[in-house]
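Asker: Chain residues, written in single-letter form:
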Amino acid sequence: MKAFFDTSAIVPLIFQEPHSTKATQAWCNSTLRLGWEWLRVEAEAALVRRRGNPAAWNLWRRVEAGVHWIEPEGEWLDRLKTFNRGVGLRAADAGHVYLMEGCAAALPDLVLITFDLEMAEAAKKRGICVFEM
Amino acid sequence: MKVNSAELKTHLGKYLRAVEQDAATLEVCVRERTVAYLVPAQQGSRSGAAEDFPLLALKQAGMKIRMPAAASHGTSLPLPVLAGDGQVDVVSTDEMRKGRDW
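Here the protein sequences come in this chain order: X and G. The numbering used here numbers the first residue of the first sequence as 1 and each following residue consecutively. The numbering used here numbers the first residue of the second sequence as 1 and each following residue consecutively.
Derived by calculation from the structure, the hints in this document are not laboratory data. Nothing here was measured: the structure is a model prediction, and the numbers come from that model. Please note: incorrect hints may appear among the correct ones.
Stated by the list, open to error - In silico lysine to aspartate or glutamate, EDC-like type, Cα no more than 16 Å apart, as pairs: (1) X:K2 - X:E75; (2) G:K2 - G:E32; (3) X:K2 - X:D109; (4) G:K14 - G:E27; (5) G:K59 - X:E73; (6) G:K64 - X:E73; (7) X:K22 - G:D89; (8) G:K2 - G:E27; (9) G:K59 - X:E132; (10) X:K81 - X:E101; (11) X:K125 - X:E101; (12) X:K124 - X:D109; (13) G:K64 - X:E101; (14) G:K64 - X:E75; (15) G:K64 - G:D89; (16) X:K2 - X:E132; (17) X:K22 - X:D109; (18) G:K98 - X:E118; (19) X:K124 - X:E101; (20) G:K59 - X:E101; (21) G:K64 - X:E71; (22) G:K64 - X:E37.
Claimed, not checked - With the Cβ distance kept under 10 Å, some of the chain X side facing chain G (calculated, not the full set): (23) L99; (24) K125; (25) R126.
Ideal Cβ placement from N, Cα and C applies to all residues, glycine included.
Please put together the full structure from these sequences, using the hints given.
Answerer: Written out as C-alpha cells, the structure is:
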C-alpha cells in the first residue's frame, strides 16, 4: 500500500492511544509512506504537550526517518486558500488533504491514513481513497 | 542494475550508455542505501511510470521530496509508549485540532 499519513495516524504510533493498533497496521502494510512536512511540527507538538519521555522521542525519530516528506514546489499557499474555500477544513487539515490530492494525481493508488473523522469525510467527498478505520 | 555513487561518478558515461541502450533502470546507492534511480528519458515519462517510479511521478507532479533517513525505511517499530500524562484514551491530534478551531 502506498500511504499518505495524516498526523492523527502518526501520533498513535508513538503514544498508546485508541487508534494505535490500526495506525501500526497501516504503517506495517505500507510500502511507500508519504507525509506533509508540517506533520513533523504537529507530531512534535503532541510529544511536548503530552510530555513524551525519551523512549517516545526515540520512537518518533524512527517514524520520522521512515517517511518521505512532501512539500509542493513554488508558491502554493494561494492555491491552498482557493482549495479550502470549497472544502472548509481547518487550515492545517486542509493542507494535508490538498497535498494528498496532489500526490494522488500522480499516484492513483495512494491511500490517505487518517483517524480524523472530519478530514476523512472531506477527503472522501473529493474522491480520495481513505484507509478504513 | 545497482551501482554505488563512487563507481557511478567514475564511469558516468558508461552507465548513461547502458541506461539508454538497454532501457535499463540504474539504482544508485550510498553505503548500500538506495538514494536514487536513473531511468531512460522515455521510460520516465511514459504512462504507468507511477507504478514503477512513484517518487519520479511525484516530482513530475511538482512535489519536493525529502528522502527517509532510515536505511531500511523503518518497517517495524517498537510498540507505542505511555504518554507522560499516563492516559491511554486520549486522541492527541483531536485534542490539538479542537483547540485551534479558530
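Asker: Are the hints correct? Go through all of them and say.
Answerer: For each hint, the structure was consulted:
Our distance criterion of 16 Å between C-alpha atoms is broken by K2 (chain X) and E75 (chain X), whose separation comes to about 26 Å. With a C-alpha separation of about 10 Å, the suggested pair K2 (chain G) and E32 (chain G) falls inside the 16 Å cut-off, and the hint holds. Note on K2 (chain X) and D109 (chain X): the hinted pairing holds, with a Cα-Cα distance of about 7 Å set against a maximum of 16 Å. For a cut-off of 16 Å, the pair hint linking K14 (chain G) to E27 (chain G) stands: about 15 Å separates their Cα positions.
Of the pairs offered as hints, the one joining K59 (chain G) and E73 (chain X) holds, with about 9 Å between alpha carbons and a cut-off of 16 Å not exceeded. Distance restraint check for K64 (chain G) and E73 (chain X): the Cα-Cα separation of roughly 6 Å lies within the 16 Å cut-off, and the hinted pair is therefore satisfied. Pair hint K22 (chain X) plus D89 (chain G) holds up; C-alpha atoms about 15 Å apart against a cutoff of 16 Å. About 5 Å separates the Cα atoms of K2 (chain G) and E27 (chain G), which keeps this hinted pair within 16 Å; it holds.
Between the alpha carbons of K59 (chain G) and E132 (chain X) the distance comes to roughly 28 Å, so the proposed pair goes past 16 Å and is violated. Only pairs whose Cα atoms come within 16 Å are accepted, and K81 (chain X) paired with E101 (chain X) is accepted, the gap being roughly 14 Å. The suggested pairing of K125 (chain X) with E101 (chain X) holds, with an alpha-carbon distance near 12 Å, which does not exceed 16 Å. This hinted pair checks out: K124 (chain X) and D109 (chain X) have alpha carbons roughly 14 Å apart, not beyond 16 Å.
At roughly 15 Å between alpha-carbon atoms, K64 (chain G) and E101 (chain X) fall within 16 Å of each other, so this suggested pair holds. Among the hinted pairs, K64 (chain G) with E75 (chain X) is consistent with the structure: their alpha-carbon atoms are about 12 Å apart, no more than 16 Å. Pair hint K64 (chain G) plus D89 (chain G) does not hold up; C-alpha atoms about 36 Å apart against a cutoff of 16 Å. Under the criterion of a C-alpha separation no larger than 16 Å, the hint pairing K2 (chain X) with E132 (chain X) is consistent with the structure, at around 14 Å.
Simply put, K22 (chain X) and D109 (chain X) have alpha-carbon atoms about 19 Å apart, too far for the 16 Å limit, and the pair is violated. In summary, the hint linking K98 (chain G) to E118 (chain X) is supported, as the alpha carbons are separated by about 11 Å, within the 16 Å threshold. Between the alpha carbons of K124 (chain X) and E101 (chain X) the distance comes to roughly 11 Å, so the proposed pair stays at or under 16 Å and holds. A distance of roughly 14 Å separates the Cα atoms of K59 (chain G) and E101 (chain X); the hinted pair therefore holds under the 16 Å criterion.
Among the hinted pairs, K64 (chain G) with E71 (chain X) is consistent with the structure: their alpha-carbon atoms are about 5 Å apart, no more than 16 Å. Taking the CA atoms of K64 (chain G) and E37 (chain X), the gap is near 10 Å; set against the 16 Å cutoff, the hint holds. Annotation: L99 (chain X) was flagged as interfacial toward chain G, and the flag holds, the nearest CB pair being 8 Å apart, inside 10 Å. Hint status for K125 (chain X): violated, given a least beta-carbon distance of 19 Å to chain G, over 10 Å.
Hint status for R126 (chain X) relative to chain G: violated, with the closest Cβ pair at about 16 Å, above 10 Å.
Checked against the numbered hints given earlier, this structure breaks hints 1, 9, 15, 17, 24 and 25; the rest are met.
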